[in-house]
Amino acid sequence: MNALEIRNLTKNYDGFKLDNLNLTLPCGCIMGLIGENGAGKSTTIKLILDMINRDGGTITIMGKDNRENILLTKQDIGVVLDEVGIPECLTAKQVGKIMKSTFENWDDAVFDSYLKRLSIAPNKAFKEFSRGMKMKLGIAVALSHNPKLLILDEATSGLDPVVRDEVVEMFSEFTRDETHSVLISSHIVSDLEKICDYIAFLHKGKLLLCEEKDILLEQYGLLQCSEKELSELDSEAVKGKKISPYGVQALVLRDKVPANMNVIPVSIEELFIFMVKESV
Amino acid sequence: MKGLMLKDLYMSAKYCRAFLIIVFVFLAVSFFGDENVFFIIYPTMIASIIPVTLISYDERDKWNQYSGTLPYSKAQIVSSKYITGLLFGGSVFILSVLAAAVRMTLKNSFSWDALLMTAVFLLALGVIGPTLLLPFVFKFGAEKGRIAFYVMVGLLCSVGAVLAGIGFNVGLPSDSISLSVIIILASVLLYALSWRLSILFYQKREL
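Respectively, the protein sequence lines represent chains P and Y.
Residues in the first sequence are numbered consecutively from 1, following our numbering.
Residues in the second sequence are numbered consecutively from 1, following our numbering.
Keep in mind that the hints are not guaranteed to be accurate.
[What the hints assert, rightly or not] Below, in silico cross-link-like pairs of lysine-lysine (DSS-like), each with a Cα-Cα straight-line distance of 30 Å or less:
(1) Y:Lys74 to P:Lys148
(2) P:Lys206 to P:Lys17
(3) Y:Lys62 to P:Lys124
(4) P:Lys127 to Y:Lys144
(5) P:Lys116 to P:Lys127
(6) Y:Lys2 to P:Lys148
(7) Y:Lys2 to P:Lys64
(8) Y:Lys74 to P:Lys127
(9) P:Lys100 to P:Lys116
(10) P:Lys17 to Y:Lys144
(11) P:Lys17 to Y:Lys62
(12) Y:Lys74 to P:Lys93
(13) P:Lys127 to Y:Lys14
(14) Y:Lys144 to P:Lys93
(15) P:Lys64 to Y:Lys62
(16) Y:Lys14 to P:Lys93
(17) P:Lys124 to P:Lys64
(18) Y:Lys62 to Y:Lys144
(19) P:Lys100 to Y:Lys2
(20) Y:Lys2 to Y:Lys14
(21) P:Lys194 to P:Lys206
(22) P:Lys204 to P:Lys127
(23) P:Lys127 to Y:Lys2
(24) Y:Lys107 to P:Lys93
(25) P:Lys93 to Y:Lys2
(26) Y:Lys14 to P:Lys64
(27) Y:Lys139 to Y:Lys204
(28) Y:Lys14 to P:Lys116
(29) P:Lys242 to P:Lys256
(30) Y:Lys107 to P:Lys97
(31) P:Lys97 to Y:Lys2
(32) P:Lys64 to Y:Lys144
(33) P:Lys17 to Y:Lys139
(34) Y:Lys139 to P:Lys127
(35) Y:Lys62 to P:Lys127
(36) Y:Lys74 to Y:Lys62
(37) Y:Lys144 to P:Lys100
(38) Y:Lys62 to P:Lys204
Note that these hints are calculated values from the structure, not bench results.
Starting from the given sequences, assemble the full structure and let the hints guide the process.
So, in structure tokens, the structure goes:
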């Protein structure tokens, strides 16, 4: 079963359109939704959670339409938003009590263990926490009601590298259970590159690609060559290029480039930048 | 909805302490001091609009977005505020009426008619704030909602002044029982209508 299936999802705003989005997140996998600010990542997440009305398309969460008893579905979803959203005057202990009355499967023992593991003071007001601590509490809440799907909207942005690494490791741990899945959006591509099984690129409301990360890394490569060498290549092989006084760096499809050319591995970040520039 | 109520109670305990102190000071003044209507009605009026203050904090803290990710419907989110208003407004209303009863008894001026009219007057004033304000707040947000509310109150006052100017009379009954029944029914009906309208507005609002 797929944790998430999005078909032809469309949402219109003044000056922005999320255009016919199609995504599939299989159970047990982590999908990274990558896009620049304003690409449509948060809109997609709000549509998945039925927080805003869509103008077209369908969304299925764990086999059920997301408008069909969404409250029951949300019992199995843990969400962390960019701004977390926990009231500033509340302590972690109070948040635990509120969530115990919110989620049927809330587990106090799991929540307490996350508070200890993440060194979150239980009686300190949320407003006194650093951004990293706030995010950690949001993540502890999202993980303490036995969710099957985690949805994280820019949950790692603004965190220092040590906290980011810790948090990313927790998401990875979560998907060791093959019924668990994660959809994580970010514009910090390096975080997603570490943990994601699937990568989706969003740019100006359009999906540029959605593919398994390993396949992407196998299919694409970077070629450093001269402009003349590049012009001799099959035009379908070249997916993006950067011309500088020192030569050309091109994003290429490895199997369409002669074997004698030196194609080096491309990172997901480089792949994204090349594709966004090419689509402009 | 229990979680939402619990959250509002925690927030009220933190942010509305000053309100509650004012409520008790005013009640004490109305009890021991001169017969000043302001000190009698003010506690109920401010207690009943505590939900509006809580919504402002919710918006500042982005709770309004976060609550959209939790297993609560928009109707439950709206209802929790109306119930919080009833809890605070209702408690202070009861305290105010009790204080008025004791005061009348101590001054040997107790009469059921006078107590009933005081209670009805308090009820109407306690209900009018949240009834008019909350739908605007749920439609436009706390800040814009307040502005829309003031504009509407201004318009209503202007219409009232014009109607009074042309000698319009709604013809309310003069006996206290009939008048009280009408005001109680109107208050309950308006609060219920406001509740329903807020749910409709909030369901259409995109967070």
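Structure-based check of each hint:
no.	hint	in the structure
1	Y:Lys74 to P:Lys148	23 Å, holds
2	P:Lys206 to P:Lys17	8 Å, holds
3	Y:Lys62 to P:Lys124	19 Å, holds
4	P:Lys127 to Y:Lys144	25 Å, holds
5	P:Lys116 to P:Lys127	19 Å, holds
6	Y:Lys2 to P:Lys148	23 Å, holds
7	Y:Lys2 to P:Lys64	26 Å, holds
8	Y:Lys74 to P:Lys127	26 Å, holds
9	P:Lys100 to P:Lys116	18 Å, holds
10	P:Lys17 to Y:Lys144	26 Å, holds
11	P:Lys17 to Y:Lys62	24 Å, holds
12	Y:Lys74 to P:Lys93	25 Å, holds
13	P:Lys127 to Y:Lys14	13 Å, holds
14	Y:Lys144 to P:Lys93	33 Å, violated
15	P:Lys64 to Y:Lys62	28 Å, holds
16	Y:Lys14 to P:Lys93	15 Å, holds
17	P:Lys124 to P:Lys64	39 Å, violated
18	Y:Lys62 to Y:Lys144	16 Å, holds
19	P:Lys100 to Y:Lys2	9 Å, holds
20	Y:Lys2 to Y:Lys14	19 Å, holds
21	P:Lys194 to P:Lys206	24 Å, holds
22	P:Lys204 to P:Lys127	34 Å, violated
23	P:Lys127 to Y:Lys2	24 Å, holds
24	Y:Lys107 to P:Lys93	49 Å, violated
25	P:Lys93 to Y:Lys2	16 Å, holds
26	Y:Lys14 to P:Lys64	40 Å, violated
27	Y:Lys139 to Y:Lys204	8 Å, holds
28	Y:Lys14 to P:Lys116	26 Å, holds
29	P:Lys242 to P:Lys256	19 Å, holds
30	Y:Lys107 to P:Lys97	48 Å, violated
31	P:Lys97 to Y:Lys2	10 Å, holds
32	P:Lys64 to Y:Lys144	37 Å, violated
33	P:Lys17 to Y:Lys139	24 Å, holds
34	Y:Lys139 to P:Lys127	28 Å, holds
35	Y:Lys62 to P:Lys127	13 Å, holds
36	Y:Lys74 to Y:Lys62	15 Å, holds
37	Y:Lys144 to P:Lys100	34 Å, violated
38	Y:Lys62 to P:Lys204	25 Å, holds
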